[in-house]
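Engineer: With the sequences and hints as input, model every part of the structure.
Number of protein chains: 2
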Amino acid sequence: MIQHTSTKDVRYPLGQGAGSDAIHRDPIYSYAVTQLHDDSGLTGTGLAFTLGEGNDLVCKAADFYAAQLKGKDIEEVMASFGHLFYQLSNEQQFRWLGPHKGVVHLALASVTNACYDLWAKKRGVPLWKLLIDLSPEALLNTLDLSYLEDELTREEALALLKENHAGRAIREQITAAGYPGYDTSIGWFNYSDDKVKENVKKAVAEGFTAMKLKVGSADPERDIRRANMVREAAGDYVKIMLDANQQWTLPQALEICSRLRHMNPYWIEEPTHPDDVLAHHQLATAIAPIKLALGEHVPNRVIFKNYLQTKCAGFIQVDAVRVGGVSEFITISLLCRKFGVPVVPHVGDMGQLHQHLVLFNHIALGNEALFLEHIPHLQQHFRHPVSIRGGVYQTPQEPGSSCDLII
Amino acid sequence: MIQHTSTKDVRYPLGQGAGSDAIHRDPIYSYAVTQLHDDSGLTGTGLAFTLGEGNDLVCKAADFYAAQLKGKDIEEVMASFGHLFYQLSNEQQFRWLGPHKGVVHLALASVTNACYDLWAKKRGVPLWKLLIDLSPEALLNTLDLSYLEDELTREEALALLKENHAGRAIREQITAAGYPGYDTSIGWFNYSDDKVKENVKKAVAEGFTAMKLKVGSADPERDIRRANMVREAAGDYVKIMLDANQQWTLPQALEICSRLRHMNPYWIEEPTHPDDVLAHHQLATAIAPIKLALGEHVPNRVIFKNYLQTKCAGFIQVDAVRVGGVSEFITISLLCRKFGVPVVPHVGDMGQLHQHLVLFNHIALGNEALFLEHIPHLQQHFRHPVSIRGGVYQTPQEPGSSCDLII
Chain A
1 MIQHTSTKDV RYPLGQGAGS DAIHRDPIYS YAVTQLHDDS GLTGTGLAFT LGEGNDLVCK
61 AADFYAAQLK GKDIEEVMAS FGHLFYQLSN EQQFRWLGPH KGVVHLALAS VTNACYDLWA
121 KKRGVPLWKL LIDLSPEALL NTLDLSYLED ELTREEALAL LKENHAGRAI REQITAAGYP
181 GYDTSIGWFN YSDDKVKENV KKAVAEGFTA MKLKVGSADP ERDIRRANMV REAAGDYVKI
241 MLDANQQWTL PQALEICSRL RHMNPYWIEE PTHPDDVLAH HQLATAIAPI KLALGEHVPN
301 RVIFKNYLQT KCAGFIQVDA VRVGGVSEFI TISLLCRKFG VPVVPHVGDM GQLHQHLVLF
361 NHIALGNEAL FLEHIPHLQQ HFRHPVSIRG GVYQTPQEPG SSCDLII
Chain B
1 MIQHTSTKDV RYPLGQGAGS DAIHRDPIYS YAVTQLHDDS GLTGTGLAFT LGEGNDLVCK
61 AADFYAAQLK GKDIEEVMAS FGHLFYQLSN EQQFRWLGPH KGVVHLALAS VTNACYDLWA
121 KKRGVPLWKL LIDLSPEALL NTLDLSYLED ELTREEALAL LKENHAGRAI REQITAAGYP
181 GYDTSIGWFN YSDDKVKENV KKAVAEGFTA MKLKVGSADP ERDIRRANMV REAAGDYVKI
241 MLDANQQWTL PQALEICSRL RHMNPYWIEE PTHPDDVLAH HQLATAIAPI KLALGEHVPN
301 RVIFKNYLQT KCAGFIQVDA VRVGGVSEFI TISLLCRKFG VPVVPHVGDM GQLHQHLVLF
361 NHIALGNEAL FLEHIPHLQQ HFRHPVSIRG GVYQTPQEPG SSCDLII
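Keeping their order, the protein sequence lines are chains A and B.
Residue numbers for the first sequence follow the working numbering, beginning at 1 and rising by one.
Residue numbers for the second sequence follow the working numbering, beginning at 1 and rising by one.
It is worth saying that the hints were derived from the structure and are not from the lab.
Restricting the straight-line Cα-Cα distance to at most 25 angstroms, the calculated cross-link-like pairs of lysine to aspartate or glutamate (DMTMM-like) are:
no.: 1; chain 1: A; residue 1: K60; chain 2: B; residue 2: E91
no.: 2; chain 1: B; residue 1: K60; chain 2: A; residue 2: E91
no.: 3; chain 1: B; residue 1: K70; chain 2: A; residue 2: D26
no.: 4; chain 1: A; residue 1: K8; chain 2: B; residue 2: D63
no.: 5; chain 1: A; residue 1: K72; chain 2: A; residue 2: E91
no.: 6; chain 1: B; residue 1: K291; chain 2: A; residue 2: E151
no.: 7; chain 1: A; residue 1: K60; chain 2: A; residue 2: D73
no.: 8; chain 1: A; residue 1: K311; chain 2: B; residue 2: E149
no.: 9; chain 1: B; residue 1: K291; chain 2: B; residue 2: D236
no.: 10; chain 1: A; residue 1: K8; chain 2: B; residue 2: E91
no.: 11; chain 1: B; residue 1: K60; chain 2: A; residue 2: D63
no.: 12; chain 1: B; residue 1: K8; chain 2: B; residue 2: D56
no.: 13; chain 1: B; residue 1: K311; chain 2: A; residue 2: E151
no.: 14; chain 1: A; residue 1: K291; chain 2: B; residue 2: E151
no.: 15; chain 1: A; residue 1: K70; chain 2: B; residue 2: D56
no.: 16; chain 1: B; residue 1: K311; chain 2: A; residue 2: E149
no.: 17; chain 1: A; residue 1: K291; chain 2: B; residue 2: E149
no.: 18; chain 1: B; residue 1: K8; chain 2: A; residue 2: E91
no.: 19; chain 1: B; residue 1: K70; chain 2: A; residue 2: D56
no.: 20; chain 1: A; residue 1: K60; chain 2: B; residue 2: D63
no.: 21; chain 1: A; residue 1: K338; chain 2: A; residue 2: D150
no.: 22; chain 1: A; residue 1: K60; chain 2: B; residue 2: D9
no.: 23; chain 1: A; residue 1: K8; chain 2: B; residue 2: D56
no.: 24; chain 1: A; residue 1: K311; chain 2: B; residue 2: D150
no.: 25; chain 1: B; residue 1: K60; chain 2: B; residue 2: E91
no.: 26; chain 1: A; residue 1: K311; chain 2: B; residue 2: E151
no.: 27; chain 1: B; residue 1: K311; chain 2: A; residue 2: D150
no.: 28; chain 1: B; residue 1: K60; chain 2: A; residue 2: D9
no.: 29; chain 1: A; residue 1: K60; chain 2: B; residue 2: D26
no.: 30; chain 1: B; residue 1: K60; chain 2: B; residue 2: D39
no.: 31; chain 1: B; residue 1: K60; chain 2: A; residue 2: D26
no.: 32; chain 1: B; residue 1: K8; chain 2: A; residue 2: D63
no.: 33; chain 1: A; residue 1: K122; chain 2: A; residue 2: D73
no.: 34; chain 1: B; residue 1: K8; chain 2: A; residue 2: D56
no.: 35; chain 1: A; residue 1: K70; chain 2: B; residue 2: D26
no.: 36; chain 1: B; residue 1: K122; chain 2: B; residue 2: E398
no.: 37; chain 1: B; residue 1: K60; chain 2: A; residue 2: D56
no.: 38; chain 1: B; residue 1: K291; chain 2: A; residue 2: D150
no.: 39; chain 1: A; residue 1: K291; chain 2: B; residue 2: D150
no.: 40; chain 1: B; residue 1: K291; chain 2: A; residue 2: E149
Here the structure is a predicted model, which is why all the values come from computation and not from measurement.
Structural biologist: Written out as structure tokens, the structure reads:
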């Protein structure tokens, strides 16, 4: 039984240009941490990610949701978590502050993730193992499919899960091999040209075959020059992703993307405002076969549904510490499976939680095991930091979701 | 000069079913109030509206924005408010909590609205008068048109304002006649059938020719029965609007709206999730010529742009205490003017601020003077409550935006 709940506001300044992009020049990687203290002595830990200022607001909102879990048994909670998620996310007064977005939804992510962590700890297994072992029905009971009725009914979701049961045994072998990573840290926005080139060489030497450069400069020539520079340093066979962090207008994006074509980007990420479904549709159509990667700032399944319906997203970057936690992440992954679009999460959690979720996505849903973003910051703050060898995530074995911080 | 700033969390329980709809069974009408204390002795007051829980979070976020106004002269602030709005709404760490939505954007609304209020008070005129007397260039300098470049450049906006200069003198006569209202309070969700019928008769007797019924029940038969009942009580010539408060799934909406067709609703409001642009497009196409009214929960100009681009909204219900305040309200009104869609605001402010804005929209932008929502609650808490006679808003004459509360 959950005896009491608490939240913590933890912030980690990075410094020296790390984490910088076209809009976030001086981010402070921060977590709104929810802890569920069980009478078994176990503590479930859940995270939502922010960039510093306002992290306290997310904690306060998480307190409100978490209070409703007091006195409950985690197995009972998770047996119908989809219903609880619906109730919490539609709480009649709090809902006005979203709905299903912003501070309140980040808070719900933190609380939801704490529930999944406690659940896995109580069962004594890593979260990926718990999830892949759930029956299709038990899994669906953890999800809220409301507002998806036009694309994914419960029956359709069930059929999708059952169809993908075949081939699981083979896909499960990935837990021995490890899940591939890509390096996001070679080209932070404020890094000098020399530092970027050096980082590219280091990443290739470490075994990474995919890496990301931050673009979205006020000066498009800088973006184009640096993109070409990374291609030259990395060679033709490395996948290079370009991330504009929403800094282009649609007319700018149309122009710059066409000029970036010849350096052969694997994707272009967040070219413009994350709410602008139609602009992304127009851009994707214009720059095909170059693909867009979208979702870092998309707060809920409804907007992801629109992105998938317009077929503008070549990759979906849903983040379980941005949407309403593991539950909504899985719902969105099911939608992606239906639409045949790979899920490549943004990792506000530094990959700690997502290393579990991408294993589940591949093994249980049959999503492609493409690669998972790797951000090397904050490792020293996690009790069980991710382990990357030769550019590959080593499968976590500790019980839970690997989100315990040393605090 | 703004000497200091403060925020207040004020909440007014309504009781007895007032304010209730399909999702909000027990709302507490609340304002996150920002006050800018000028060394002239004047105080600018701005509001953001919530339904109770979490109003304190909006206040805390508003404190963060308001602090950046300290020491500034309001005329200087407003001379380039569009730039300040861009800066505040893209503040590099806070932005993560939106962007441009949820708690942080409600907070920005409160601060923005306080700026406009102080500006009008300092000039000693009601806000509507200040706004209609601005030159097109001065008005545009108060707006942030970023992410609208594909539909509304600064040049296009300027041309639109200049085109609509003709005919202003005639349209300005509305300030003598008053702006028509419609009655939102005849059919709150929890009101009994008898109370609704009684309210319809009272509203007609008071001179209202348009009124709204809350639908979106779990039982569609209740919705249909009550809609027919209101039509019968009101007669054929009263405009009746139906408001589902997002409670239908798309398949449900498609079915129920077709069954509501024969009672001839003037619009159907918020049929499903406010983020679901494509569902609204599909529904609007299916139920034409019945029109949808949308926007109460839409947080920013980018999403409104998508709604207008898909042509699914027959009426745009932007609320200046939900989007980023007066500035973004005007930006969205300009977009609506371009697309030829009437602006009929949702009035989280109980009409206090919007009575100014619809006069501006009609006189300066040439938007149709359709009608403005009237909610009779909270009148006793405002220093200068709206005055409705014969169903018509009397033009406010006091300096400012009529948002001062007795607190």
